[in-house]
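Protein chains: 2
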Amino acid sequence: MNEPITPEDAQRSASVFEPLTRSLRELIDVTIRSQVNAADVRKARALIDEARELLGARLDSNPFGVRFTTDGQALPWGNVAIGMRNALAPPLHVRRDEEAGRATADLVLGAAYEGPPGQVHGGMCALILDHLLGATAHRRDEPAFTGTLTLRYVAPTPLGRLRAESWVEREDGGKTFAAGHLLDEKGRITVQAEGIFIRPKRPA
Amino acid sequence: MNEPITPEDAQRSASVFEPLTRSLRELIDVTIRSQVNAADVRKARALIDEARELLGARLDSNPFGVRFTTDGQALPWGNVAIGMRNALAPPLHVRRDEEAGRATADLVLGAAYEGPPGQVHGGMCALILDHLLGATAHRRDEPAFTGTLTLRYVAPTPLGRLRAESWVEREDGGKTFAAGHLLDEKGRITVQAEGIFIRPKRPA
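Chains as they are written, first to last, in full-length UniProt numbering: chain L, 1 to 204; chain S, 1 to 204.
Hints were generated in silico from the structure; no laboratory data involved. Each hint can be trusted.
Per the computed footprint, the stretches of chain L lying under chain S, defined by three or more beta-carbons under 8 Å from a beta-carbon of chain S, are:
id	stretch
1	78-91
2	113-121
3	136-149
Pairwise CB distance ranges (calculated):
id	chain 1	residue 1	chain 2	residue 2	range
4	L	169	S	9	48 to 58 Å
5	L	201	S	152	19 to 29 Å
6	S	4	L	139	46 to 56 Å
Don't be surprised by glycine CBs; every beta carbon is placed ideally from N, CA and C.
Throw the hints in and build the complete structure from the sequences for me.
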């Protein structure tokens with residue numbers, strides 16, 4: 001378990017790691033699309049290894065988990081969907097309206113999220129919708145886990161600008177029945193989802 | 001549409017890009033777990049930006065798609081699940097037994113695939129199972145698209161060594177009804193999946 005950190009230290013840490021991770025996302029993209037010669041690829045690799053050495057000089061042996069600030073703010077910085085320090089994450093910026101039980105995220109997915117040529121991988125659509133439907137069930141300090149998730153792919157999802165929307169259908173104790181969809185740039189539904197999300201009972 | 005490349009050129013390209021992407025996967029991992037000071041993070045970012053400049057000097061404006069060698073081998077190098085040049089991909093190494101209609105993949109997921117602390121993100125499990133179930137439906141030059149996918153999360157999936165297995169339940173024209181599951185290191189099922197995968201009719 002990690003000690004809570006002050007909001008100021010969290011802010012300071014974010015101010016150096018956020019730009020690092022943003023640069024890394026761009027590097028992932030150009031690694032896929034690059035057409036430079038072998039010598040330049042090898043030079044790039046040497047630079048990457050040098051960066052890895054620098055950052056790896058002092059490592060947490062655990063994955064990031066979810067840390068908290070002393071004022072109770074959650075820092076899910078390693079999360080594969082929303083993590084500020086995780087270059088795999090688009091990252092999703094989830095806007096929640098807890099009163100209305102809704103969540104929304106606008107995102108842009110590039111070459112790194114491809115499945116069929118020019119399209120978002122069906123499994124990536126599933127990841128986004130899983131996270132977004134789950135977000136309607138989250139409560140402060142009470143994460144919700146996916147129980148079941150059903151996806152219906154009604155049209156190809158083109159790479160580019162997308163929106164994901166989710167809402168609560170009904171709740172039953174610690175279970176949230178949520179639904180949602182993914183929309184392409186023109187507002188057409190490409191994938192529909194429904195799922196049951198569970199908040200485990202906490203020890204008394 | 002890209003021109004087919006010779007198997008020799010594909011081999012040469014793989015021999016420089018595969019080590020590059022492997023180094024990049026390690027860099028993504030240490031970016032999440034690093035505890036070095038701000039000055040070293042900034043130095044690492046400068047190296048990453050330098051690598052990005054080098055690789056970005058000549059870029060394909062399109063995502064990678066699926067390219068083919070002159071002898072018909074598919075190169076899905078940008079794919080988010082299996083792409084050799086995609087650092088987001090674990091990558092999955094899918095072993096297919098086409099006769100038996102089965103597919104299997106062993107994989108190790110580290111800090112970059114985290115959802116709940118210490119566990120694989122539910123959406124990441126969905127991505128892996130979507131790809132693996134879909135693999136049972138693929139035919140040479142006839143990719144299969146996900147129609148529907150249902151996931152049942154029966155236990156947490158710990159980060160670490162995992163196995164995914166899938167099989168064909170039945171086929172009906174261009175539709176493949178597939179099922180599968182994800183197993184943890186001890187062989188316990190953590191997620192069950194079933195789905196319908198569709199091979200579009202080709203123009204005559």
